[in-house]
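**Student:** Chains as they are written, first to last, in the working numbering: chain A, 405 to 933; chain B, 22 to 299; chain C, 854 to 1178.
To be clear, the hints were calculated from the coordinates, so they are not data collected in a lab.
Just so you know, even glycine gets a beta-carbon here, dropped at the ideal spot from N, CA and C.
Misleading hints may appear alongside valid ones.
Taking lysine-lysine and the BS3-like style, the derived pairs with C-alpha atoms no more than 30 Å apart in a straight line are [as the list claims (entries may be wrong)]:
id, chain 1, residue 1, chain 2, residue 2
1, C, Lys975, A, Lys489
2, A, Lys481, C, Lys980
3, C, Lys980, A, Lys489
4, A, Lys552, A, Lys533
5, A, Lys598, A, Lys552
6, C, Lys906, C, Lys924
7, A, Lys489, A, Lys552
8, A, Lys864, A, Lys841
9, A, Lys601, A, Lys552
Looking from chain C toward chain B, a few residues come up when the C-beta cut is under 8 Å (computed) [said to hold, decoys possible]:
id, residue
10, Ala873
11, Val874
12, Tyr997
13, Pro1000
14, Val1014
15, Leu1016
16, Val1114
17, Leu1119
18, Asn1122
19, Thr1138
20, Asn1160
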Amino acid sequence: MSLVSLRELTVALPSGADRALAVDSVNLEIGRNEIVCIVGESGSGKSLTAHAIMGLLPRGVHASGGEILFDGADLLKETPAAMRKRRGRDIAMIFQDPMAALNPVVAIGRQVTEQIRAHRPVSEHEALKQAAELLEQMGLEDVAGLLKAFPHQLSGGQRQRVMIAMALSLSPRLLIADEPTTALDVTTQAQILKLIKRIQAERGMSVLFITHDFGVVADIATRVAVMRHGRVVESGATAQMLRAPVHSYTRALIAAVPHGDNLLAPLPDAPPLMAVNRLTKRFARGGFFARNAVTAVDNVSLTLKRGETLGIVGESGSGKSTLARCMIRLLDPEEGEILFESADIAHLRARGLRPFRRRIQMVFQDPFSSLNPRHTVADIVTAGPRAHGENADEAHARAVEILRLVGLNPQTMDRLPHEFSGGQRQRIGLARALMLKPDVLIADEPVSALDVTVQAQVLKLLDDVRRQMNLAMLFITHDMRVAAQVCHRVMVMRHGKVVETGPTRDVFAAPSSDYTRALLAAIPGRGSL
Amino acid sequence: MKLTARFAHRFFSRPTALVGFALFAVIALVALLAPVIFARGPFSIVGMPLLPPGAPGLLAGSDVLGRDMAVGLAYGARISLLVGIASTLFAVGIGVLLGAVAGYYGGLVDDLLMRITEFFQIIPSFVLLMVLVAFLQPSLGSTVIGIALVTWPQVARVVRGEFLSLRSREFVQAARTLGEGDIRIIFTQILPNALPPIVVVSSMMVGSAILTESALSFLGLGDPNLLSWGSMIGGARSAMWVAWWTSVLPGLSIMVTVLALNFIGDGLNDALRPRGPR
Amino acid sequence: MNRLQFIAMRLVKTVLVTIAVVLLSFFLIRLAPGDAATVMAGQSGYADEAFMKSLRAEYGLDQPLPVQLAKYLGAVAHGDLGTSYVRRQPVLDVILERLPNTLLLDAFALLVAITGGVWLGKIAARKPGSVGDATVTVLAMLFYAVPQFWLGMMAVLVFAVWLAWLPPFGIETMGADFTGMARLVDIAQHMILPGMTLALYFLASYARLTRTAMLEVADADFVKTARAKGISERQVARRHILRNALIPLVTFAGLQASILVGGSVLVENVFSWPGIGTLAYDAVTARDNPLLLGIFIVTAILVSLFNLVTDIAYSIADPRVELGQ
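One chain only, chain A, in its complex shape (with noise of 0.2 Å):
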């Protein structure tokens, strides 16, 4: 018999939502010693599904129908007294945000023992113990120290340890993992992914673990669930929907996580049309008494030809977005140069940049906060030639044209922004970069806020588009496989240095730094997809 089954499980919306049921009768296996994935994009209900399993939906949200059986019992009959002593004894839960799912103003230590000792009759010395040991089994090093500290002190993934730790102190029999790694670095998710299977086998228990990403159900599932506007549409063992998916939109699904194969091959020899020779950028940070400077980009230099996409990649914190913005001088470098055509324009000033400004345009990366949300898809997108001081009727007419050529319906144009999804915002990002006929468009993680179908819709655009206005594009990405796709050649970033630059086909083949190797073998379901 299975741990946990679902069957018709239905959650209901409060009235006034988009629709009327969240999850819509599903049905589910968990079974004993296995990890089970469910995968979907945002609003497909897999999150509610898991809060459903905890007890612990959101207020106004409530499980309208079905069962819940754990080892047999059905936990949506169970008592709110019954639920709360299963809750951390036998179901645990881990969440996507591990910064925010730690209270800032308590101790880790504190944290962990409270959970033991709600369960437990255990005296805090007993419990820190038991704390301490759990912290190292997570690998974790300075556990006497780490015990003291506070959330804000640890690194990401030292944060997500902890929570695991949390949750694996009274070895429940379920361990339910919301999106765990979406919020970390590649390298830091493959460590936490593997942490995951190895406790998972060591302790033989459950793991029901939430992703939209097809690449970590391959590196970690047993079984999977597809989930769509609140129903399962397809369910089976990984290997076997990995090999032949039956529905569409797991076809969809698997098709959209970029894969490794089909690289596009370095363009001939030709002039760079942008350069950057030994660009620094520093920031000061602290206040009064300890001022001191953080250098965000690091003696960088690069090149790009007409026609050419370079990939940017870095994990947070490498200098990559910097760069970017120096580059299009939205930041002041402090030294360096940075060449376009032959011009240096690392340093001019609002006057002497005006001519560069609409030859060099971005395309950002929240489709939310890069569009105003008072102004109309008409005057975000003639915003650039009104600047330049361009006749209205022109630009509108230009307006038209380009809309259609990103996939818009110019007849949308005097709408505001917020009635246009995420992928449909991008698109307008994107027309009003392009309104300026630019010759070079960097794209700053232009795809990394989007599900993963229309992730694959807006790369194959921008890729479309630099092909037909022949752009140098500038692409930056914390996403190897998303470099792959779209880019000639990648840069790799680190601490605001450059680890290495290649054509896309040599570094993927054949990295020289240790890193390189490293951020590669953190590519989720690498090998299996």
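Start from chain A and add chains B and C according to the hints.
**Tutor:** For chains B and C alone, coordinates are given in the frame of chain A:
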């Protein structure tokens, strides 16, 4: 104009906002028309002192000196609204200008402004206001200037915060990469988005300025040539024991006016908050 | 930045605020039309040129501005805030004599406001939209709109005049000459009306702020974590929600202090409470500018010291203080 209509719909669908707006409209009307409604001025003596409300010809009774309370209340509304609105306009003018510059450009101007607003937050501003008005000689002008002087840092703080956060938003960065100048960015990109909190704070400030003015006049620091609600209450202190209306009515007037303004502020806050995803 | 650096910075700030207050005061003196001599001459009934001159010399008003400023700073640094025109006593002595009464009243009001406000806010946050919550919201709205001095007068009318439960004026019964416990009880009875009048506004703001802060924290992920641990709802509320919601309240108490002083001036006058507030009123009516200015300086320094205390409390309550702001 679709936007305006939607805004109005959202504002008036809140019962408190509707009530607040209606009350405020009535009070403003009475204030405007006081010289038309009443033939006599607020200082003229019409009969025996301390006649209760309902006495012949005296809707709201008479005060210690035998003046018509109803006339006093109507003329008091003029002072309250005038001081409330004028001082808020001054404060908002200074606050928006300095807050915008500090928030957008940052640096030294910002440091300086933050120190000044912190200073005003810490010092007891009502005592400072008493000193200011007393030293400048109590008058309508000194009251308005004094109130504006101690309240503008609040506005500056709000505006600066808005500008600071909006400045780093990606759509403002996008505007810069498009080649828009600072002035254009401030007025077309940032200000429209910063306006809702400014409007809300202003409406709340009118109310608190009315309370402050009444407190000053209560302490005898109002314009000696004008009758205001605060000075009516101050003058009624000796009669409070025998003629409740002399203090109760002007106090209620203040409360209702401020309440109406706060209701309007709450309604604006709700109606101006952007809806939809984020 | 560690906690000690944070506290050191706040200490520097307190000193700077004090200096700024004194500088501001000096320039405020220049604001008044006529100088001290005109006022005093007016009060003593005759104003011939020689007398004015001697007065100006006595107060150093005939010297150049920088010299006056230097003298003024030196004097203030030594605790010399000038001489009250009316009382002919050092301003500082007059103020210090009244200060304990005001501190007593304000401390009582602050205590009532914080404990009552946090308690009401907790009730309101427990079930947003419930009757209890709506009542707290409506009361808060009312207390925001009521002029404090008028509320005091109404309290006197109801509780002292009509119901005759509590004494209306003063700090103790005149001529009763109570001693020991009896005197304390007498003072406590006199304190209830003015103290509550003063407290209500702040109680309302505390209730509202507690409510907002608790609802905000209740949505935080770490509260979900706490529930996932299987600890009791009481512990979730106390250890996780309230513990975090109280942090903004600490800072708020500091910011409220300056408003409390203003309210205190009004309420003391309504209830003839012999504190700084009634003194300020006397100074205004008697045009005793040095006294009024002295009150401003002393209260400003006290409030900024109180802010220092709340800042230190904040740095203890929130370990993230080392991240800087």
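**Student:** Does each hint fit the structure? Answer for all of them.
**Tutor:** Tested hints:
{"no.": "1", "hint": "C/Lys975 <-> A/Lys489", "result": "holds (25 Å)"}
{"no.": "2", "hint": "A/Lys481 <-> C/Lys980", "result": "holds (24 Å)"}
{"no.": "3", "hint": "C/Lys980 <-> A/Lys489", "result": "holds (24 Å)"}
{"no.": "4", "hint": "A/Lys552 <-> A/Lys533", "result": "holds (13 Å)"}
{"no.": "5", "hint": "A/Lys598 <-> A/Lys552", "result": "holds (27 Å)"}
{"no.": "6", "hint": "C/Lys906 <-> C/Lys924", "result": "holds (19 Å)"}
{"no.": "7", "hint": "A/Lys489 <-> A/Lys552", "result": "holds (27 Å)"}
{"no.": "8", "hint": "A/Lys864 <-> A/Lys841", "result": "holds (19 Å)"}
{"no.": "9", "hint": "A/Lys601 <-> A/Lys552", "result": "holds (28 Å)"}
{"no.": "10", "hint": "Ala873", "result": "holds (6 Å)"}
{"no.": "11", "hint": "Val874", "result": "holds (6 Å)"}
{"no.": "12", "hint": "Tyr997", "result": "holds (6 Å)"}
{"no.": "13", "hint": "Pro1000", "result": "holds (5 Å)"}
{"no.": "14", "hint": "Val1014", "result": "holds (6 Å)"}
{"no.": "15", "hint": "Leu1016", "result": "violated (14 Å)"}
{"no.": "16", "hint": "Val1114", "result": "holds (4 Å)"}
{"no.": "17", "hint": "Leu1119", "result": "holds (6 Å)"}
{"no.": "18", "hint": "Asn1122", "result": "holds (7 Å)"}
{"no.": "19", "hint": "Thr1138", "result": "holds (6 Å)"}
{"no.": "20", "hint": "Asn1160", "result": "holds (6 Å)"}
When held up to the earlier numbered hints, the structure conflicts with hint 15 and nothing else.
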